[in-house]
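Trainee: The task is simple: from the sequences and hints, build the whole structure.
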Amino acid sequence: MNKNIIYIGVALIVGLLGGFLIFGGDSADSATNEVMDNHNHSEEIASNQMWTCSMHPQIMQPEAGDCPICGMDLIPAETGADGLSANEIKMTDNATALANIQTSVVGQGEMEDNSLKLSGKIKANEESNAVQVTYFGGRIEKLYVNSTGERVGAGQRLATIYSPELVAAQQELLTASSLKESQPELYKAVRNKLKLWKLSEKQINAIESAGKVQEYFPVFATVSGTVTHKMVEEGDYVKQGQPLYKIANFNTVWAEFDAYENQIALLKEGQSIKVTTNAYRNEVFDAKISFIDPLLNSTTRTIVVRAVLNNKKDKFKPGMFVEGKVEGIQSSSKSTVTVPATAVMWTGERSVVYIKTKPNESVFEMREVLLGNTNGTNYTILEGLENGDEVVTNGTFTVDAAAQLQGKKSMMNTEGGKTTTGHEGHLGMQDNGSGDKKEEANHSEMNKRIEVPNKFQNQLKEVFDDYILLKDALVNDNSEEAQTVAKNIGKNLAKVDMKLLPDNEAHNHWMTIQKELKNSASAIEKNSNIAAQRGHFKHLSAHMISSVRLFGINQTVYSEFCPMADNNKGAYWLSLEKEIRNPYYGEAMLTCGEVKETIE
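The sequence shown: position 427 = 426 (numbering that gives the first Met the number 0), numbered continuously.
In short, the hints are calculated from the structure, not lab data.
Don't take every hint at face value.
Claimed, not checked - Computed list of lysine-lysine pairs in BS3-like fashion (alpha-carbon distance at most 25 Å, straight line):
(1) Lys245 <-> Lys120
(2) Lys197 <-> Lys238
(3) Lys179 <-> Lys194
To be verified - Pairwise CB distance ranges, derived in the manner of DEER restraints:
(4) Asn566 <-> Thr147: 55 to 61 Å
(5) Arg280 <-> Tyr161: 51 to 57 Å
(6) Asn475 <-> Ser146: 48 to 54 Å
(7) Asn296 <-> Gly318: 16 to 22 Å
(8) Gly154 <-> Asn296: 37 to 43 Å
(9) Gly64 <-> Gly318: 55 to 61 Å
(10) Thr275 <-> Asp476: 52 to 58 Å
Heads up, the beta-carbon is just placed ideally off N, CA and C, and yes, glycines get one too.
Mentor: Here it is in structure tokens:
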């Protein structure tokens with residue numbers, strides 16, 4: 000029995016020793032491997048670590064060193080910035096949610112019912128326009144048509160003129176009349192002279208029968224139509240042949256559409272086009288393409304396509320927006336890459352979209368695209384996107400504003416960096432003699448503008464005026480005044496008439512900007528905390544800057560920048576003066592910042 004106990008004890012000792020050798024050895028190896036893995040992982044992290052400048056967050060370098068702009072020591076970039084390419088931007092989940100940024104995956108689809116949609120306007124038919132002139136000089140004693148828009152008929156009296164020339168010619172007629180038997184040729188010549196001044200046989204006979212000179216003579220309309228331009232006033236002296244009125248016949252009008260150069264091959268004269276307008280939503284007007292402009296507009300890269308519309312019922316008014324649908328268009332391929340129209344931003348020379356580069360993160364990058372046909376709600380993309388790309392379809396301007404603030408490529412800044420940094424000064428002047436031109440080119444690109452009517456600019460300026468009052472309220476640390484002014488911004492935004500904009504691209508720009516301005520202003524109105532108001536003011540300013548750059552307000556303004564705002568991320572604002580009055584800090588740091596751009 001004692002031997003059995005000994006055997007059992009020995010077995011236990013051997014088992015424990017074997018277990019230690021087996022499992023202990025594995026544990027040691029595991030620990031060693033873990034150390035090695037950690038070492039390798041640390042090296043991997045170190046290799047991906049990016050370094051940035053606290054004053055100039057657009058600076059991203061793979062190793063520590065000095066900021067190339069201000070010379071400060073670089074610091075490790077914040078978590079989440081690692082691995083971003085030079086032109087990628089990252090937004091927080093909270094910012095993405097607040098801006099309601101939405102994306103969709105690019106799909107392939109066929110052109111809608113093989114048709115091409117064009118946008119355009121109604122214009123007066125120039126072939127039916129006429130200029131009413133006077134055929135004799137003198138002083139206008141009376142005008143019988145005094146305003147534009149009045150209808151006149153051929154033979155209607157338009158004005159009465161006192162003409163010394165006609166007085167003298169009448170005296171000649173009376174003298175020649177007494178000699179018509181002896182000098183018939185002289186008599187005939189005098190009558191013909193009066194006929195050259197558009198006096199009728201009846202008028203000449205009346206003068207001869209009365210036997211006395213008539214001092215005032217009427218001017219009669221030679222055409223029928225609508226007065227579009229009144230060119231004289233009562234009491235004016237006019238010369239022979241001088242225009243009095245412009246008269247248009249609106250029985251037919253022109254529908255002029257803009258077609259992009261890549262659509263030219265799809266169009267030809269004689270094609271049927273169906274015309275619709277918001278004024279008569281349930282009606283479709285049939286016409287044919289009568290003219291395709293042989294000259295390309297080098298600024299908009301479009302040509303004019305014209306159709307003549309019957310307008311005897313006076314439905315179409317010059318200036319009215321219309322859409323034309325050309326059917327039977329054969330696409331060069333059965334399937335095409337398409338995106339929603341809201342995804343595309345247009346600068347006047349190029350079109351851009353923002354794509355989401357990482358499926359599980361809010362990381363975006365700008366990409367230029369070449370537009371093809373449009374069916375009103377979607378664009379065909381000829382170059383720049385592939386099936387499966389994820390594009391921003393809502394909140395595109397917010398993403399673009401974030402790109403500007405982070406110094407990345409954006410809609411108005413193809414180079415990135417210099418136009419959206421903190422204290423660069425005149426860095427562009429130091430690029431080995433070539434920086435001047437580059438800086439000048441960047442500035443020129445940023446000020447590309449969409450031509451819009453003055454009325455739209457004036458309406459936008461009312462919004463801008465309220466924005467300046469809001470900025471001043473934040474400068475004075477007055478949160479209550481900021482709430483009041485923000486409410487007025489919302490009211491004036493509602494008064495801006497989008498129908499004044501010239502085309503769909505301008506519409507899309509303004510719709511996006513207006514929405515973002517409204518959301519930011521509303522957030523300031525509802526929040527009495529001045530720190531929160533200043534946070535929303537940053538976003539409001541980004542979109543206000545975009546609108547002023549794109550559309551203009553007929554006033555010089557200054558884009559100013561504080562690198563310390565928003566936790567050293569920097570923030571912009573607009574001002575009417577070069578003198579810095581910082582709305583993000585108020586009295587705490589009133590003069591922090593500098594002028595970065597002058598917007599004319």
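Trainee: The structure should be examined with respect to each hint, and the outcome stated for every one.
Mentor: Here is how each hint holds up against the structure:
1. Lys245 <-> Lys120: Distance ~21 Å between Lys245 and Lys120 Cα, so the pair holds.
2. Lys197 <-> Lys238: Judged against 25 Å, a Cα distance of about 15 Å means the pair holds.
3. Lys179 <-> Lys194: 17 Å, holds
4. Asn566 <-> Thr147: 55 to 61 Å: Holds: the Cβ-Cβ distance is about 59 Å, inside 55 to 61 Å.
5. Arg280 <-> Tyr161: 51 to 57 Å: Holds, since Arg280 and Tyr161 (Cβ atoms, about 53 Å apart) stay within the stated range.
6. Asn475 <-> Ser146: 48 to 54 Å: 49 Å, holds
7. Asn296 <-> Gly318: 16 to 22 Å: Since Asn296 and Gly318 have Cβ atoms about 19 Å apart, the given range 16 to 22 Å holds.
8. Gly154 <-> Asn296: 37 to 43 Å: This hint holds: roughly 42 Å between Cβ atoms.
9. Gly64 <-> Gly318: 55 to 61 Å: 60 Å, holds
10. Thr275 <-> Asp476: 52 to 58 Å: 53 Å, holds
Hint compliance for this structure: every hint is met.
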